[in-house]
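*Asks:* For reference, the chains in residue letters:
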Amino acid sequence: GQQLNQSPQSMFIQEGEDVSMNCTSSSIFNTWLWYKQDPGEGPVLLIALYKAGELTSNGRLTAQFGITRKDSFLNISASIPSDVGIYFCAGLGSGGSNYKLTFGKGTLLTVNP
Amino acid sequence: GAVVSQHPSRVICKSGTSVKIECRSLDFQATTMFWYRQFPKQSLMLMATSNEGSKATYEQGVEKDKFLINHASLTLSTLTVTSAHPEDSSFYICSARMTSGGLTQYFGPGTRLTVL
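Chain order of the listed sequences is A and B.
Per the working numbering, residue 2 is the first one in the first sequence, and the count goes up by one each step.
Per the working numbering, residue 29 is the first one in the second sequence, and the count goes up by one each step.
It is worth saying that the hints were derived from the structure and are not from the lab.
It is possible that part of the hints are untrue.
[To be verified] Partial pick of chain A residues on the chain B-facing surface, computed with a CB cut under 10 Å:
1) Q7
2) P9
3) F13
4) T32
5) G107
Note that beta-carbon positions come from the ideal geometry of N, C-alpha and C, so glycine has one too.
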């Protein structure tokens, strides 16, 4: 089946620093999504990318859909303590009527004030 | 908009009992809902896809007779864990996709199940 490799697995940064994380896949995805999950909560959608090469921003967050459609990155600028959480990439493939999401293993972000 | 709720948020039950978890789309209709399971420090694993008015599609390795799914309306899907055992303890999360279009999934807040 499809697999996503997400890195890094965890990051420890100082408040105000920029952060970058990425996902790669062995197969093509038609849509890339980035979610954030706080402890004990469900994932919250941060950014959705629908076209290869697309670069989209949401406040301090910027994400890009790779040209090959096999990768995506998420950048967070000027991190703040509330950015702490687990960030997941997810890909939506093609084929079949259900369009199931495939999740990366997550990046645990810790921000030291 | 696009709010999904789950009930209960936490449940503790005895081994051998059944537990029902509800997933509701509050401000949109959802023909398709998804059920995930997440173990500590792991990613979300899809268990099944629930389609309104038809049988759920289960992922490989997920027992359909143990995890009963009912999607009787466009705003409600239920997951029943039957004859629960301690190894079923996990965080169960549902998501919903809008009937009106789009492939984005909106997630519920999750249900923490603990089986004693």
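*Asks:* Could you run down the list of hints and mark each one as holding or not?
*Replies:* A quick look at each hint next to the structure:
1. Q7: Cβ of Q7/A sits 8 Å from chain B, so the hint holds.
2. P9: The hint is violated - P9/A has no Cβ within 10 Å of chain B, the shortest such distance being about 15 Å.
3. F13: violated (16 Å)
4. T32: The hint holds - T32/A has a Cβ within 10 Å of chain B, the shortest such distance being about 6 Å.
5. G107: Status holds, d = 6 Å.
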